[in-house]
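Next come the chains, spelled out residue by residue.
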Amino acid sequence: MGVARTAEGSERDTVLRVQGLDVDYLTERGVVAAVRDMTFSLRAGEIVGIAGESGCGKSTLAHAVCGLLHPPARIRQGRIELGGQDLVGLSERAMRSIRWERIAIVPQSAMNNLSPVLRIGDQIADAILAHRPSTRPQAREKARALLQMVGMLGHHAASYPHELSGGMRQRAVIAMALALHPEVLVLDEPTTALDVMVQATILGAIRDLRDQLGFAVLLITHDLPLLLQTVDRILVMYGGRLVESGSADGIWRRPRHPYTQALLEAFPPLTGPRRRLNAIQGLPPNLLQPPVGCGFAPRCPLTMDRCEEQRPPWTIQGDAAAACWRLDGEGEA
Amino acid sequence: MRYSARYLAKRVGFALLTIYLAATADFLLPRLMGGNPAQALASSTGLASPATVAAITKQFGLSNPNWGYQYGLYLWQLVHGNLGISYEYYPSPVSTILLRALPYTVALVLSATVISFAVGWTLGMIGAWRRGGWVDQVGVSIAFGFYAVPYFWLAMMLVFVFAFLLGWFPMGHALPSSITGLTPWQWIAGAVRHGILPVTSLVLTSTAGHLLLMRNNMLTVLSDDYMQLARAKGLKPFSLMFRYAARAAMLPSFTGLMLSLGNVVGGAVVTEIVFSYPGIGLATYNAILSHDYPMIQGAFLMLAVAVVAANLLADLIYPLLDPRVTLQ
Ligand SMILES: Nc1ncnc2c1ncn2[C@@H]1O[C@H](COP(=O)(O)OP(=O)(O)OP(=O)(O)O)[C@@H](O)[C@H]1O
Ligand SMILES: [Mg+2]
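Chains as they are written, first to last, in my numbering: chain A, 1 to 333; chain B, 1001 to 1328.
Incorrect hints may have been included.
A short, non-exhaustive set of chain A residues, derived as facing chain B with CB atoms under 10 Å [said to hold, decoys possible]:
| id | residue |
| --- | --- |
| 1 | 68 |
| 2 | 92 |
| 3 | 109 |
| 4 | 113 |
| 5 | 129 |
| 6 | 160 |
| 7 | 161 |
| 8 | 173 |
According to the in silico footprint, chain A covers these stretches of chain B (three or more CB under 8 Å from chain A) [stated by the list, open to error]:
| id | segment |
| --- | --- |
| 9 | 1219-1231 |
| 10 | 1234-1244 |
| 11 | 1317-1323 |
Rather than coming from a laboratory, the hints here were simulated on the basis of the structure.
All C-beta atoms in this analysis are idealised placements derived from N, C-alpha and C, irrespective of residue type, glycine included.
All chains, full assembly: derive it from the sequences and hints.
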């Protein structure tokens, strides 16, 4: 799609900009540094993927961006700009009118995120009624149309969540997320619990809808190869930090960070030649005591002396960028 | 309707069977305890002539010593609403005495039940919503303060302070001593004035349980994933709290409410004793003291019927509230 893919998207196109974001969880055992120095932006109509192992802070970032963090989580510093407006520190009331209207989320395990005692159609209608002057019958009608848009049947609006399969519930939440035509759609592991066929159809549906409606997507998953087939741009997170960013193509052809390399090898590609699978050895860093240097160093096959001592600089190379000492000096600044 | 005629028939059939079993137990128990009530009654009234004993024996349906015959007679009378004759208030039928006491008990215990559930649920809901807020702290401490006080003592203190010392409320009974010549409004006002202290005493002790259950359910629901999605939708707090959280959180408490409603006709024995309140509880208590078996049996059977009916009602209403319940 034209608008979506142009690499030189101007400032004007940017719908979401996250800058220097730090998020902590204040726990009894100490401060968990869940997200650190996160910076990225999302242009209108773009699909950006975020990949990383379990516990690297993907969901925390997603919640932060949607203004859904609540204690013990705390934004330590940084900005989250949606259409130029900073969401950090916004009152709950102001946030309420932005949620769903401008940024909607399909949370992790969304299929279990529906109220068990309300009909699907009513749960969608509730979102519409909270933001638009409308009657319930009108909102229900809209809900039926939305369900059809994501490939369900209108009469599914009258179903309760337990009457639908996991894939259908997932679709229902996606339909719900699109109810108010948000500028940004955050999808937190939208297909993790689903089988490969359903995964593919759902991701296909999301792309089609993006083409039709033009919203931007932040697609989170730990399945990097899946992202490669779906998104325009990829951000790789490790231990709460961004370690690499680049186009899907670029990352596939030349992963710059050893962690990205390892992630690519940890999953079987759906297409292409067979490769040996390698689970990543070792454990991610303990975020209660965040590492001084590169968090991946203890697990890295290419580690050098300074990796553990000093944090690697963010090295930009054309379209791509990564934080690794191996790239030091190769950058374009 | 979510349920079929078959489901309905099955539930009703099961309820009737339960009532039948209760009635049978009710028939057997006093007989297994032995003794001849006619003899006892006749001697207590000083009319122990053999002729009197024989007459009373016949009246109680005991003239034929065959239990099968007695059982048939008992059931036959039961389906005609005849619960037998009270020993203590001979020759008044048990049903008359129970029906006289019933309205008082229902008024007393029903209002106490409804109020304590309403207060408990509301405080539990708000307390969980604003966990640690002032409603939560004050509500929980007051409710548990009263819960910790022995009920008997609490009731006595209420009578002592508000009836005896301050004289704001009558010391006991359900109605003013002379009710002739009262307008309906005066009659109602009198009944309410007599009811306030006993109802308050019941509410004070029973609210804590409902509060705690609701609060815990609500806390569980609030940490459920679907509350987060509901919040992400930008719903107003009111809608979040009632439509999404409380709606699901009240389900486990609902069965408790229905069972309490069934227990209403059992009366509140201690309350009725302390407040000399002429309800079923007091009647049952007196019947036990005077070995008035037909009365005890009658009260027991009425309670059994009410509890079974409340259960049946719960079974029929619950599926309408919780769509996950499958009906077989
Ligand atoms: N409520 C919480 N209290 C304390 N720590 C938390 C809390 N939620 C998350 N964390 C910690 O924050 C870090 C990031 O968690 P997050 O859920 O964002 O990871 P994730 O990348 O989404 O993982 P997954 O792929 O398993 O969903 C983890 O180390 C986690 O242990
Ligand atoms: Mg997650």
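Structure-based check of each hint:
Given the 10 Å rule on beta carbons, the hint for residue 68(A) holds: about 6 Å separates it from the nearest Cβ of chain B. A least Cβ separation of about 9 Å between residue 92(A) and chain B falls short of the 10 Å threshold, and the interface hint therefore holds. For the restraint placing residue 109(A) at the interface with chain B, the shortest Cβ-Cβ distance is roughly 7 Å, inside the 10 Å limit, so the hint holds. A least Cβ separation of about 4 Å between residue 113(A) and chain B falls short of the 10 Å threshold, and the interface hint therefore holds.
Hint status for residue 129(A) relative to chain B: holds, with the closest Cβ pair at about 9 Å, below 10 Å. At its closest, the beta carbon of residue 160(A) sits 4 Å from a beta carbon of chain B; the interface hint therefore holds under the 10 Å criterion. Of the supplied interface hints, the one on residue 161(A) holds, with its beta-carbon coming within about 9 Å of a beta-carbon of chain B, less than 10 Å. Hint status for residue 173(A): holds, given a least beta-carbon distance of 7 Å to chain B, under 10 Å.
Here's how the segment 1219-1231 of chain B fares: 6 of its residues keep a CB closer than 8 Å to some CB of chain A, so the rule of at least three is met and the hint holds. Using a Cβ-Cβ cut-off of 8 Å, 6 residues of the segment 1234-1244 of chain B lie near chain A, which meets the minimum of three, so the contact claim holds. Counting residues of the segment 1317-1323 of chain B whose CB lies closer than 8 Å to any CB of chain A gives 3, so the stated coverage by that chain holds, three being the minimum.
Hint violations for this structure: none, all hints satisfied.
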